[in-house]
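Enquirer: Build the complex: two chains, separate frames, hints provided.
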Amino acid sequence: MPVNGYKPLIVAFCCNWCSYAGADLAGNNRLNYPADVKIIRVPCSCRVNPMFVLRAFQRGADGVIICGCHPGDCHYTSGNYFTRRRMALLFSMLDYLGIERERTRVEWVSAAEGAKFAATMNDFAETVASLGENKRLEDLRCKK
Amino acid sequence: MQKVTAKTLSGKAASLLNAGEVKYVLGWKKGEFDYDITPALFESAEELEKDFVWNDFSCANLSKYLIKYTRSLSGKILVFLKPCDTFSFNQLLTEHRIDRQKVYAVGVPCSGMADEKKIRENADGITAISETEEGYLVHTLYSDAPAFISKEEALLEKCLSCKGWAHIALDEQIEGEVFAPSADRFDQVKALENMTPDERYHFWQNELSRCIRCNACRDVCPACTCEKCVFDNPNSGVENKAAANSFEEKMFHIIRAFHVAGRCTDCGECSRVCPQKIPLHLLNRKFINDIDSFYGEYQAGLDEGSRAPLVDYDTGDLEPSQVFDWRDGQNA
Ligand code: SF4
Ligand code: SF4
Ligand code: FES
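Residue numbers (the numbering used here), protein chains in the order written: chain A, 1 to 144; chain B, 1 to 332.
It is worth saying that the hints were derived from the structure and are not from the lab.
Any given hint could be a false lead.
[To be verified] PhoX-like, lysine-lysine: derived pairs with alpha carbons at most 25 Å apart: (1) B:K3 to B:K190; (2) B:K3 to B:K68; (3) A:K135 to B:K118; (4) B:K241 to A:K143.
[Stated by the list, open to error] Listing some non-contacts, in silico: residues in chain B with all C-beta distances to chain A over 10 Å: (5) N122; (6) K151; (7) E175; (8) F186; (9) T225; (10) P279; (11) L318.
Every residue, glycine too, gets a C-beta built ideally from N, C-alpha and C.
So that you can see chain B by itself, here it is in the shape it has in the complex (with noise of 0.2 Å):
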């Protein structure tokens, strides 16, 4: 459950719409389902009212619909951003994507968000959810009572690692705690690491295999903001489509991550948005962690304006043939 309650967030909403301080509201409503929160944009105070919703469901980062809605729409818009997506937005106006001034960006204190996926894992014909203060009760088809799952049982694995900083870049902040990060977020990539390379190949063909290219880790990244993308050129083979073997998922899955390397914030969202729950965070991580020990610390989205490490250079950089016995030399 969400400390900051959403008849805070839709009241400041509705009263800088009345006051004709912005004109357009970019929020979340409910979609099919109570897990099912989706973005939405509202106009008026009694849209507002009516549909806006801010839980645990609300993690869609709305950074990346600024960049179709201050293009489209005449008037200023009021964003709400999560910690983590401020960064987004930042790397968004880094990037010169977004009019800073047809934004009105209100920071939002998160308390963690909810992972469908863990949730409808062991549920099925899921009829409602409800929130109670240490978890969810699931209601199904099949049965009366609820089942329970906790917050920490349902937490979206972004979330497990939260950077866990205050908002950047904001016009507004509503008060409240921030969410205090747990894990290490690298541990995993350097899991990999130490592995054996077969057992590393065999565990990513196993993942990869499974990926449908659907496109919505792209569709749904805020780095992924080419106004033609590779991937949907007719002349590069690979457009659109269904990865037709193992090369194909292995090329699309690097080149995906190789795009973002060095302004992926690790938003999380291509993880969360994946229907086939493929960890694409163990790829941009491994980038991120990459050039963080390569190059120095670097996080996408935390100084506007900064150069984003692959269009920058040190003349003492490490070879490429260095890499490798300088990592083992780190992780041994």
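Just chain A, same shape as in the assembly (with noise of 0.2 Å):
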């Protein structure tokens, strides 16, 4: 979703057993997505650190999003529900920094949902598109 020829890198942490399959679905189906969404497959969202979107930032990235099983259906049974706690208190903590809050994003994507993969993903390059390039959290030393 290019604004103005712009388009803005995406991380995306995939769960490995609903987010990564509702990726595969999209892909599948062949539902567009931008290219720029580079997904990270892991074994649940919990397995995110706070410290893997900080790095995603540095080493390029313009948005980051985080994407596991609906509540209530994690593979691990409650690695989401730990996932919902971490990363609203460090989005809120990113926000209070004064780093833009539509940066960040988590989403619920079930197996069965590529449409709503693909919809989630064009939704969020959009939002991030239109905030232009990461500048607060940016590694000058990663450029290329």
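Expert: Rendered as structure tokens:
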């Protein structure tokens, strides 16, 4: 979703059991979503350490999204409930430091929701594109 | 000036030492300067008599030292704890960092502590500081007449919003008045939340860019007790080094605060020891305030054995996407 020709780089952490399969389904169904969404597969959404999110921004991401099974459906029963608390607090802290709150998101996408996966990525990429490049959490040493 | 005297405390410790009830005493003694009162271990009544100090500069929270000493020493250790310190002590017990059997905890009523940085801000070349009822007489190289600074002006940040609660988890308590709280500890957090993102960004950029990564805030923190810290990991790229740029500054501060989120008792040690006057408490209190408002009030260390909010959940918790609207509604 380029805005004025600018295409943001999005890092999407997807849990193996639901959201990664949802992304697969989106692909199988030939649903479009931006190629600049880079998916990183994690065993469970709760594998995502706050440091991963910061690292992604450091290495050039303009937006970071974490996708997991719907609450109640986590393959490990409760992983995503922990994700929910951690990310709520982390995102709130980023906002407190003045970093745009629209650059981070958590979304629950099941293995059957290929369409939701594509729609979520399109929407998120568009939102991040409208913010422009990530300046506030960038690391110039990592710029190409 | 403290209402309870140093003599009362050292006398209590000496009698327990002499009776063989305890083998060591963890207290405070004078460092280089009068404002530099530092944690110390005493083994005899003579040592206590000579060096023990209890005054408005006995700020140091001694609870973290118990991790080291309960492991390296054999024999019971008497420790003096101010009301706020007892929360740290209790939190350390909850996290199984200290063997309770090896400690004899004595609660000390506190009349509020002094911030050496506030005193030094207006006085160079300090040679001595003496306490009066109302404040401090600061003697310097440059003047025969000491300068006066009132207790209120010099009060330590954390004491401004003292939890003012009773001691918890003690073997014995010294009687005395407990300091009364005056300010709401979340006032500044809310003021920051009500700023624009740009204002917040510049505020923090200005504060955090002063960090020299001395790690004092981490080392002093009774909640930072990992055997191996992420900031010491040679593969992390952030090992024990001065922050190279503003990304590293932010990362260090976000991760430091996050790692103690839900376990930070708001003891104030991190802000007190920061040589760069970075208001670390505003980061910790952000997490505390968020936790209180999203998941229900929680005070780390209050109930021994309680489950910290980040290792707990409720199926009806707020979604990360809801927190901003929800909070803006609360602050409006
Ligand atoms: S004590 Fe202050 S200067 Fe030192 S690492 Fe912590 S915040 Fe930075
Ligand atoms: S983060 Fe600061 S206030 Fe919280 S427990 Fe550690 S030293 Fe105390
Ligand atoms: S396995 Fe999908 S969120 Fe835990």
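Enquirer: Compare the structure with the hints numbered earlier in the document and write down the numbers of the violated ones, lowest to highest.
Expert: 1, 2, 3 and 11
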